[in-house]
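Trainee: So the chains spell out like this:
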Amino acid sequence: MNVALKNQPAASEERWEADPILTVEHLTMRFGGLVAIDDLSFNVGRGDITALIGPNGAGKTTVFNCVTGFYKPTEGRIVMRHGPGRQQEAVDAVTATGKRWDIGDDRSVFLLERMPDFEIAKKARVARTFQNIRLFGGMTVLENLLVAQHNPLMIASGMTVGGVLGLPSYRKAEQGAIDKAVYWLEHTHLIDRADDAAGDLPYGAQRRLEIARAMCTGPHLLCLDEPAAGLNPRESTELNELLQFIRKTGTSVLLIEHDMGVVMEISDHIVVLDYGVKISDGAADFVKSDPRVIAAYLGVDDEEEIDVPEIKADVEEVTEEKSKRKPAKAKAKPKAAAKPAAKSAAAKPAAAKSAPARKASAKKAPAKKAAPAKPAGEIKVKDADKHPGAQPAGTKKPGEGGADNLTRISGIGPANEKKLNALGIWHFSQIAAWKKAEIEWVGSYLSFSGRIEREEWIKQAKALASGKQTEFSRRVDGGKVPSSRSSSRRTSGKGGKA
Amino acid sequence: MEYFVQQLINGLTLGSIYGLIAIGYTMVYGIIGMINFAHGDIFMIGSFIALTTFLILTTIFGFVFLPVVLLIVLIIAMLFTSAWGWTVERLAYRPLRGSFRLAPLITAIGMSIVLQNFVQVSQGARVKPLPPQIQGGVTIMEGVTENGPIVVQLSYMQMIIIVTTLLLMVGFTLLISRTPLGRAQRACEQDRKMASLLGVNVDRTISLTFVMGAALASVAGLMFLLLYGVIDFYIGFLAGVKAFTAAVLGGIGSLPGAMLGGLAIGLIEVFWSGYFTVEYKDVAAFSILAIVLIFLPSGLLGKPEVEKV
Amino acid sequence: MAATQANGGAAANNNMFVDSLKDSATAAFLVAVLGFFFLPLKTDIASGGLAITYRWPIWIAAILIVFGGRLLLNLFVFKAQTPATRIIGDKLAGSSAKVPGLGRFLTFALLGFALVLPFFFTTFFPGQQRQYIDLAILIMTYIMLGWGLNIVVGLAGLLDLGYVAFYAVGAYSFALLAEYFDLGFWMALPLAGILAAFWGIILGFPVLRLRGDYLAIVTLAFGEIIRVVLLNWYEFTNGPDGISGIPKPTLFGLEFKRGEGGFADFFGLEYSTIHRFIFLYYIILILALITNFVTMRLRKLPVGRAWEALREDEIACRSLGINTTNTKLTAFAIGAMFGGFAGSFFATRQGFISPESFTFLESAIILAIVVLGGLGSQIGVVIASVVMIGGIEMLRNIGFLSQIFGPGFDPVQYRMLIFGLAMVGIMVWKPRGLITTRVPSAVLKERKKIGADMVAQGEGH
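The listed protein sequences correspond, in order, to chains A, B and C.
Numbered according to the numbering used here, the first sequence spans residues 1 to 498.
Numbered according to the numbering used here, the second sequence spans residues 1001 to 1309.
Numbered according to the numbering used here, the third sequence spans residues 2001 to 2461.
One chain only, chain A, in its complex shape (with noise of 0.2 Å):
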């Protein structure tokens, strides 16, 4: 169990606990040799709109494509419900049997893992969109929306035979399939797009239309794949109008999403991904303010540690140039919104302030809040013990020939360089000094406990303390990665070459 999740509320309180639609439990997918989603488990709970968020390739599509039929999951169980209630019996039951599903009068239970692609929709009711739209360009929009009733239709035309007989049956099932089609072209304003083919339609009314496309197959959950990319603030606004009235209609919603004005205002529930792991998940003020979710996804939280005046000029710098660069992902750091303007007014990144006022969660970690201290002697962080492991050595100065360039290193942003440096770490000799206690530390410190493991900060280290180059290092070095000494004054220390 993560230590966030300990955090979490009783799990009894939440409706995605008690009255799951969806169930992802340990679901692992690997390919080849890379692991795209490790043991993850959540739930979707019924009609809510439940938010899949994490940074590029967290691993968030994969699962869609796993609950979705359209890979088949290495190892784990996806369960889908019609009907109220866990129905943890009938679930262990068809899970014994080896039977796909066990459909009821009231209530059933699928295993979305055991069903092809087509079948999950048809039967499990699950309907999907996807990342880079899928219409059926050369059919017009009413088409599009007729193809989606395939399967009644399909039995209204008798499988064909008194449809070509022209069957008045038939032509009633028809009409209601128009009038159906008809309601969602009303609700996505495409009514007078009807008879357009479907690749004529500008890229938001595409977005909508393979939406109103996925409702008319009547799913009970209804999983969206970033449906806001590439909207304008406007389309932005109607869409969280239509999720809205879609989870009125009784359809619960998954959605991926990286808009996170969207995300943090319509979900009830959010799951947070980073490399195929689950890092947090509760509701949406739980999840804004869990420093997992900050570190991993959010990117960091830059100022607040930050007392050394020169260190919080850089990162004045930095983090401005970040929120020109992706005002998405400023917008949505709310814990910059959120803290007492006294602290550092002038260190807050201007998109922040501009960030929707939200009733911040304030709820800190205690860690964040570790200082650097004591002017004098070897730093030590106040709250050091709060970390499991030990904090590694450092010095006040930068030793002779200025501070190495920590952002070569794989995994160290200007951000994480100017923490560490407040730290006392200013060389790759210290980093590739750490032993597994210091890495723990630091790892806890900056809140991504795994991660200079898995990047390999270590072995990085050595190999540039000793003036070798990494493939990422070169990158840096030939300007492709944007780095600490682009825009910094310091430029003097060429690296592990000096």
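Hints in this document: simulated from the structure, not taken from any laboratory.
No experiment lies behind these values; they were computed from the predicted model shown.
Some hints could be false.
Here are the simulated DSBU-like cross-link-like pairs (lysine-lysine), alpha carbons at most 30 Å apart as the crow flies [said to hold, decoys possible]: (1) C/K2445 x A/K172; (2) B/K1193 x C/K2300; (3) A/K397 x A/K436; (4) A/K172 x C/K2448; (5) C/K2300 x A/K122; (6) A/K172 x C/K2449; (7) A/K72 x B/K1303; (8) A/K436 x A/K462; (9) C/K2448 x A/K180.
Anything over 10 Å on all C-beta distances counts as not near chain B; from chain C, calculated [what the hints assert, rightly or not]: (10) K2022; (11) A2051; (12) G2068; (13) Y2132; (14) L2183; (15) P2206; (16) N2326; (17) A2368; (18) I2379; (19) G2391; (20) L2417; (21) A2422.
Just so you have them, the derived chain A footprint on chain C, three or more residues with Cβ under 8 Å [unchecked claim]: (22) 2291–2299; (23) 2319–2325; (24) 2349–2360.
Idealized CB from N, CA, C, for every residue including glycine.
Add chains B and C to chain A, keeping to what the hints say.
Mentor: Chains B and C only, in chain A's frame:
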């Protein structure tokens, strides 16, 4: 055992010819993703050019020293067949670059019909026999079976075919992996638009691919002529289909795969004829193709395709 | 000012002319190189091996023809400021734009003509009626085959290069049913269709999960396998000798024969062989119209929409709960069924079948008709069949060519050469086929045609 070895040698010889043709398919498919249906007929054109050149050299100019004659025939056949390959690409495929997928397939089939009928009309529909030019060989094994004594022979012709194929194979692998042209080809395979943005002359690279494929096909044509001693305007179709089968079997886009596939098809065909029935050898080859594609869709050496969702 | 402009124009013209000359010379040189081993030199079997005969005039004529033709094309089309083709194209487009219901009108006009066609020929061309009606039957057979294949390639987007296999299954089914069970045409026809559909499912089941070109090559392989089996299973199919004596169709039991009890006798007409041709024509017309009717109906049914959706995006189809394997199989089976019907008709029309008739070339011709007509377009298939099959067959009737090229000139032997050139030419000119718009299968308010650039072509795109 002796019978088996003899069939093995025959199979490898036939497979080498298929392999040489298959390389043309695989290169074109790799670079522009189309089945060049006319490639089998380019092979046929190559063997006709070789035949006529051979006759001119021996009957008109009176050359008698066979190695020199064959070398000249080889060079001329490669040059002229390359011109055919280039022209087919220029006329039928280049105008359709970037068009939808079926259009070049139809022009390719059309070109195949054109080439076949052009040769039929201009050279007549009757078969052209050429008496065996290279005779003799080395005896590898001798034995006795219930049907009498059996001699396993590796003829000089077979040696020439296998050695030439090996040399060409090595040469082409080096060409693709070492030279700027090979690099340009590989770049075009990955992403044509990007390659052209980076200064690769895409049209020229594709043309050269066709030229190289045609040159190899003409070598195969010459060998076919010498090995079987009989050609007609229709040999391109079946050889083409089998060579394409070989390319797919080996994993389309992969040069060693094409060669391996060619050898496999040759062996299957020869062994099937040798141990079962001659009539159904094509059925055997095609059935193997279907089975491989169904169970191993990316071929023997191809990269598996991951479905992007 | 005006003078300089005129000068500039003249210079440009001059340049254009020089460019055209250069380009034409290049083309002529290329022809000289390519043709060198084929036109002037011909290998012939002579006593003591092969001998070479020389035909230099043909080579020079070919070079000159290409030079002249290319020059004209350059001057008036490729390098001209207003290409002649564009002028013609504009005129055509203008005239069709002026008449909004042209397509519909054309359809009905063609249908009307098809209905009265035999009487048209018997009235106006009594001398050649048999020949023309025979040609009409041939064209109609290809139209039917084209419509059948259109379901597979045009609607479902599955590239099938072995369609002729089902044509063969249909033909052999009828021939063998007639031979072994003494079944008549009308009894055997549905059975032949069902058998072909059955084979479609058997062949389709393993291969339909293959993508694009792989599917194409495997269907081609299956087509060849079926042909080779027909060729070599001597005991059952009579091998290369084929099956002869296949019964002719009857009109409700009336045979088209001379004398008592025949069709002519029953209706009190004077016996004429043309009756049977007219009857055959109406059979294939009705079969083709049924094919068309069913296809048009299916397009508006869920299964037809699923086919088109499959052509557009298979993954999206699966996400909507469509069983793509079954959908593909239905397309394959229904296409095969119509191929089987056409095959039965072919057998009864010819009275004799052999594996010769079912080569890959037939598949290629049928596919060419579908693609040249415009994938998915029913009327396009008709136009392409008439142009390609009718046009090529007309070569047989052009007598004046032999007056130009001498008595030894037989235009028929250039038939396939011209066919191939036409295939290449039309595709390069119109890569999407002749009819490129798609008509939607369901309409809410206003029927809008969909441009070809929107419509996907199936498998892999």
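Trainee: Among all the numbered hints in the text so far, which are the ones the structure does not match?
Mentor: 2, 11, 15, 17, 20, 21 and 24
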